[in-house]
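Participant: Residues per chain, in single letters:
Number of protein chains: 2
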Amino acid sequence: MHFKVRAAAKEDCKDISRMIMELAVYENMPDQVKTSHEDLERDGFSPNPFYECLIAEVPDEHKTKDGKGIGTGLMAKVAQVGVEKQCVRLQLSVLDWNKPSLDFYIAKGAEDLTAKEGWHFLRFHGQTLDTLAKEAPKD
Amino acid sequence: MHFKVRAAAKEDCKDISRMIMELAVYENMPDQVKTSHEDLERDGFSPNPFYECLIAEVPDEHKTKDGKGIGTGLMAKVAQVGVEKQCVRLQLSVLDWNKPSLDFYIAKGAEDLTAKEGWHFLRFHGQTLDTLAKEAPKD
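Protein sequence lines, in the order shown, are assigned to chains G and Z. Under UniProt numbering, the first residue of the first sequence is numbered 1, with each subsequent residue one higher. Under UniProt numbering, the first residue of the second sequence is numbered 1, with each subsequent residue one higher.
Treat the hints with care, as some may be off.
Copies of the same chain look alike in the list, so a pair counts if it fits in one copy or across any two.
[Stated by the list, open to error] Once the Cα atoms are required to be at most 35 Å apart in a straight line, the calculated DSBU-like pairs of lysine-lysine come out as: (1) Lys99 x Lys34; (2) Lys138 x Lys99; (3) Lys63 x Lys138; (4) Lys138 x Lys108.
Just so you know, these hints were derived from the structure itself, not from any lab. Keep in mind it's a predicted model, so treat the numbers as computed, not measured.
Build out the structure end to end from the sequences listed, making use of the hints.
Facilitator: This is the structure:
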């Protein structure tokens, strides 16, 4: 089959926003999505963007949930972009019950650093982030 | 006591590199440090930098290992910079045996997402990263 992986454009932000929500629903945490497509447009397409994004363009007849190498193609392209920019690591976080994704990444050679080295993942957000920010020393 | 938190300059990269190694030694993984101070200079001080960094300037007489609010000052400044840029999350990873750091972050209001939601931390690096990159579809 044919599909194309390309850099996202500003016009893709509504679709990216929809896919972020679809992922969050799958992960049972739709209430955690606070980012609108306007935020994505501002953060990804200003002079010094906060993120880059890749899009897989898939012909209509191949739009099924079967594996067609699209996931691998996207991951591999992210790795290629990283290697070209001299990055030495590609890191990601996965929910422990998301066995299909964990198996996929491990099969591709990823190390589970939580299992192997004991890394925990911590987050400040909402009120705790604001409170912490207010403790900053004056310039 | 007086200390100042300021944005890092290119001239700080040798000190930043030394502190990265000091942290890695504390974490029992000095062999994982692959980043030189030249890499830090290139990645942080080019037109579209990959990272930002804060430096705490501490008077000589206060350079002890006792808590003096310097760690909180640094963390709080990171939070402040993030909030100003409209970030909604501040995330970090901590080793499970690093009880002093875990306790510090939790006391400041961080949530342990590995314990609470089951997030695992995965990494591609070295040969697995190169192999993955080579699977990228052609443009």
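Participant: Next, verify each hint and record whether it holds.
Facilitator: Hint check:
no. : hint            : result
1   : Lys99 x Lys34   : both (26 Å within a copy, 31 Å between copies)
2   : Lys138 x Lys99  : between (46 Å within a copy, 29 Å between copies)
3   : Lys63 x Lys138  : between (54 Å within a copy, 20 Å between copies)
4   : Lys138 x Lys108 : between (47 Å within a copy, 19 Å between copies)
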